[in-house]
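If you're matching them up, the sequences are chains A and B in order.
For the first sequence, our numbering begins at 1 and goes up steadily by one.
For the second sequence, our numbering begins at 1 and goes up steadily by one.
It is possible that part of the hints are untrue.
Calculated cross-link-like contacts (lysine-lysine; reagent style BS3-like; alpha-carbon spacing at most 25 angstroms) [to be verified]:
1. Lys62(B) - Lys76(B)
2. Lys79(A) - Lys225(A)
3. Lys222(A) - Lys83(A)
4. Lys225(A) - Lys153(A)
5. Lys247(B) - Lys273(A)
6. Lys273(A) - Lys87(B)
Across the chosen pairs, the derived CB separations fall in these ranges [as the list claims (entries may be wrong)]:
7. Gly251(B) - Pro170(A): 30 to 40 angstroms
8. Phe258(A) - Ser105(B): 50 to 60 angstroms
9. Ala138(A) - Asn107(B): 51 to 61 angstroms
Quick caveat, the hints were computed from the structure, so don't treat them as lab data.
Think of the CB as a built atom: it goes at the ideal place given N, C-alpha and C, for glycine as much as any other residue.
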Amino acid sequence: MLEKALSGSKKYWAWIIFLLAVIAVGFFSYMRQFNYGLGLTGMSRDVSWGLYIAQFTFLVGVAAAAVMLVTPYYLHDFKRFGKMVILAEFLAIGAVIMCILFIFVDVGQPMRILNVLLYPQLHSVMFYDMCVLCGYLAINLIVGWTTLGAERKGVHYPNWVKPIIYLSIPWAFSIHTVTAFLYAGLPGRSFWMSAIMAARFLASAFAAGPSLLIILALIVRKVSKFDPDPDRNAIPSLVKIIRYAMIANVFFYLCEVFTAFYSNVPEEMASFKYIFVGIDGHATLVPWMWTAAFLAFLGIALLVFPTRKNPVLLPIALLSIYFANWIDKGVVLILAGFVPNSFDRVVDYIPTANEISIVLAVYAVGALIVTVLYKVAISVREQQQA
Amino acid sequence: MSINRRQFLKRAGAVTALGLGGSFATIGIGDRLASAASEYEEAPNADKIKHWAMVVDMSKFKTEEDINRVIQSCDKIHNIPQMDNSKDEIKWIWYDDYEHTFADSENEYLDETMKKMPFIVMCNHCENPACVRACPTGATFKREDGIVTMDFHRCIGCRFCMGACPFGARSFNFRDPRPFIKDFNPNFPTRTQGVVEKCLGCYERLENGEQPACAEASNGGLIFGDLSDQNSEVYKIVSTKFTIRRKTQFGTQPNVYYLVGGGDRA
Ligand code: SF4
Ligand code: SF4
Numbered sequence: 001m002l003e004k005a006l007s008g009s010k011k012y013w014a015w016i017i018f019l020l021a022v023i024a025v026g027f028f029s030y031m032r033q034f035n036y037g038l039g040l041t042g043m044s045r046d047v048s049w050g051l052y053i054a055q056f057t058f059l060v061g062v063a064a065a066a067v068m069l070v071t072p073y074y075l076h077d078f079k080r081f082g083k084m085v086i087l088a089e090f091l092a093i094g095a096v097i098m099c100i101l102f103i104f105v106d107v108g109q110p111m112r113i114l115n116v117l118l119y120p121q122l123h124s125v126m127f128y129d130m131c132v133l134c135g136y137l138a139i140n141l142i143v144g145w146t147t148l149g150a151e152r153k154g155v156h157y158p159n160w161v162k163p164i165i166y167l168s169i170p171w172a173f174s175i176h177t178v179t180a181f182l183y184a185g186l187p188g189r190s191f192w193m194s195a196i197m198a199a200r201f202l203a204s205a206f207a208a209g210p211s212l213l214i215i216l217a218l219i220v221r222k223v224s225k226f227d228p229d230p231d232r233n234a235i236p237s238l239v240k241i242i243r244y245a246m247i248a249n250v251f252f253y254l255c256e257v258f259t260a261f262y263s264n265v266p267e268e269m270a271s272f273k274y275i276f277v278g279i280d281g282h283a284t285l286v287p288w289m290w291t292a293a294f295l296a297f298l299g300i301a302l303l304v305f306p307t308r309k310n311p312v313l314l315p316i317a318l319l320s321i322y323f324a325n326w327i328d329k330g331v332v333l334i335l336a337g338f339v340p341n342s343f344d345r346v347v348d349y350i351p352t353a354n355e356i357s358i359v360l361a362v363y364a365v366g367a368l369i370v371t372v373l374y375k376v377a378i379s380v381r382e383q384q385q386a
Numbered sequence: 001m002s003i004n005r006r007q008f009l010k011r012a013g014a015v016t017a018l019g020l021g022g023s024f025a026t027i028g029i030g031d032r033l034a035s036a037a038s039e040y041e042e043a044p045n046a047d048k049i050k051h052w053a054m055v056v057d058m059s060k061f062k063t064e065e066d067i068n069r070v071i072q073s074c075d076k077i078h079n080i081p082q083m084d085n086s087k088d089e090i091k092w093i094w095y096d097d098y099e100h101t102f103a104d105s106e107n108e109y110l111d112e113t114m115k116k117m118p119f120i121v122m123c124n125h126c127e128n129p130a131c132v133r134a135c136p137t138g139a140t141f142k143r144e145d146g147i148v149t150m151d152f153h154r155c156i157g158c159r160f161c162m163g164a165c166p167f168g169a170r171s172f173n174f175r176d177p178r179p180f181i182k183d184f185n186p187n188f189p190t191r192t193q194g195v196v197e198k199c200l201g202c203y204e205r206l207e208n209g210e211q212p213a214c215a216e217a218s219n220g221g222l223i224f225g226d227l228s229d230q231n232s233e234v235y236k237i238v239s240t241k242f243t244i245r246r247k248t249q250f251g252t253q254p255n256v257y258y259l260v261g262g263g264d265r266a
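Full structure from sequences and hints, please.
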């Protein structure tokens, strides 16, 4: 089926070449980092994780969001999602591969990364995270590929796939829960050590992931003859999911803020102060956080009112929700967890250009994978329609 | 090495106990192993310590010189690089003031002398180390003598341990540290780019029956000993004097005790 990705319009090839160029620049930056060390990033002894791990965290959520289509479609026979479910599975594949790449570019000794499997430490959450991520990648590759292959031949997918599809549902929850446990189980980082962290992660994932998916579906509809939502009822159903997930996410967030400030415990309040008003003049994250807050409420408002049916306002709402979550989880959450540090000092983190170009390259790899997989899916569907 | 030998003997013992010695007489094989092992000299103190602990007697740190002598004694023998910026800094033992060392027990009425008092800080070789729990490769682990140590060849540089340690005791080699080592000590390993490091409790000196370097250089300001030995000085101080530790609320059971004011229990 993969050969279908090799024929395409001029625009398709221009997009591919653009992505390859971004990847090439990032690869060069990575070689520099590989030789010099992570000193080429903005990370420090005090803020020891930065944009890489933050992107990893955010993208695990995007990957997990496929379950929001898989569950209704396969478990409850919710037919509306029939055409879109493959897009969700392929998006998950791209997202998980980006997650793995972000871990890879973040470690100081990448050549030793297999030590995690050679010397498995059953008490380390990172070991479990590696296992569930690789498992999730395998599940989505198998399910996505066989169901699409069957569709091409015009037959029902083989029965042995069914249990794997069911397995993918709890598995999707597990990847994001385990990722939350990476942070929530650390003593001394009060911004992370919260029982509601996993629930927050899932809620924000189920808002951001499907938002991205609808935007991709709208693009697919524009650039191809295949319409992922021909009856115009899958997207509205998904919008409902996004709306409630985002409301839950904001609610959980406010619970955290209440607990910190009403209890008046200094450690609990410190990171929130840092991100909303700054501490002692250190305020690099403040504009980001207020932007996220504004976008979150804007997105929710646009999806609650009938504006959600407006073809222009809907994408704006979805982008608002996507970026609100990206700022919250892909920028602020990880960085602010280190502020103030163990000595109650504030150390800012500013990513370097080298670091940012590596981040962009990893995103380009993800975009390339998703583009190729979508191209295959679209070609198969176009054939069906013809 | 002594640990390996002990494990070897233990396993050999188990084998003989199970009767797997085959045609060998049980006693015979036991003897043979014992005599083979005795060719290697047991380090005098290596087996004895069970609970590494350190007491910082604040009354002994009066001048900057008192502090710097201690810090330099460690930096020198452990090939600690002197980085030119705080971002890449590597620290095994250093100092901070009261407010920051004990960030959770601030007291706005504290007088200036107390406020400015320099507190020596280092890895606490915790009883329940959060860093060990987090490490996905076993590169950070706790030894039988209580030292929380590291295998620099196994560390992948994921820095999960740095997020987990509530004491800020760990440093990461953001770049090759070797060009920044001032006094190179060929008898101690240097580290490479991309691995985490921290105080290793002077395991190499304890094996030779010596005190940790910082304790030796401190003129009695740092008292090192075995908390499991009721006759040790550290035990006597910790059990009868009023001492404080950093961030006990996290349950890691830090093993560095601060004797503040040097006085008896209030
Ligand atoms: S002080 Fe930190 S690095 Fe040292 S043993 Fe305790 S948790 Fe680990
Ligand atoms: S950086 Fe090294 S020592 Fe620390 S958790 Fe990772 S592998 Fe373990």
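Taking the hints in turn, this is what the structure says about them:
1. With a C-alpha separation of about 22 angstroms, the suggested pairing of Lys62(B) with Lys76(B) holds against the 25 angstroms cut-off.
2. With a CA separation close to 21 angstroms, the supplied pair Lys79(A) and Lys225(A) stays within the 25 angstroms bound.
3. Taking the CA atoms of Lys222(A) and Lys83(A), the gap is near 16 angstroms; set against the 25 angstroms cutoff, the hint holds.
4. For the proposed pair Lys225(A) and Lys153(A), the alpha carbon gap of about 19 angstroms is at most 25 angstroms, so the pair holds.
5. At most 25 angstroms may separate the alpha-carbon atoms for a hinted pair to count; Lys247(B) and Lys273(A) meet this at roughly 22 angstroms.
6. Distance check on the hinted pair: Lys273(A) and Lys87(B) sit about 23 angstroms apart at the alpha-carbon level, within 25 angstroms; holds.
7. A C-beta distance of roughly 31 angstroms is found between Gly251(B) and Pro170(A), which places it inside the suggested range of 30 to 40 angstroms.
8. Roughly 26 angstroms separates the CB atoms of Phe258(A) and Ser105(B), a value that falls outside the hinted 50 to 60 angstroms.
9. For the pair Ala138(A) and Asn107(B), the beta carbons lie near 56 angstroms from each other, so the given range of 51 to 61 angstroms is met.
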